[in-house]
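> Sequence:
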Amino acid sequence: MTGGWEAVRAEVLRRIRARQWPPGGLIPGEESLAQEFNVARATVNRALRDLAEAGVIERKKRAGTRVAELPVRRAKLDIPVIRQDVEAKGLTHGFDLLADDTSHAPVPVTSRLGLPEGAILRHLETLHLAGGRPYVLEDRWLNPAVLPDPAPDFAALSANEWLVTHVSLVSGDIAFTAEAATLREAAVLGVPPGTALFIAERTTFGTLGPVTYVRLAHAPGHRVQMTF
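One gets the working numbering by counting positions in the sequence shown from 1 and adding 28 to each.
None of these hints come from the bench; they were simulated from the model.
Each residue gets a CB set at the ideal place from its N, CA and C atoms; glycine is no exception.
Quick list of the computed label-pair ranges, beta carbon to beta carbon:
no., residue 1, residue 2, range
1, G122, P56, 44 to 54 Å
2, G146, A224, 30 to 40 Å
3, T120, R45, 33 to 43 Å
Go ahead and model the full structure; you've got the sequences and the hints to work with.
Dropping the structure here:
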């Protein structure tokens, strides 16, 4: 297995959901999993700790690690389809594919995805429009190794909508910040450089490993509403 603790977490979660390890059942120990996945024991520990915090597994000293009988119910954040978000506001959605290339991903991206430094990923830059005006700039890195082949024409179907509707995503994380617009973001969104933007950064994982990292830079005035 390649990748870091996120890849281990994704594989453990896949086996649990496939009932290879049923509710209440013991799962192999850290040392055994480390040997099987060819990773350091600390990497396995980090993955299992994350799943324990999520309520998926239960870890007890001298009793081993078991799949939770009744997983803790937590708030669920669904990945939104940007088109639907725009249309729910009564506006017409459109998008322009500004860039589509394959290259060595930067270290911050591979680190977030748990991939080796210098991994070759597909990079997409998409500007979503609401009523003909800039709405959100989607800067996305895709891991082709775990995606269906062939991929669609992302100039016709946005990567955001394709991933949500066609790829099984089992886990992930998201962070929200307010940041000054970079020169690129300012030029594309039509705002002065340094304008405060609402930024969402999301990393998602599938049954086969890390799928995508995306940075969403929203135009001023964006409002987020969550239901749980």
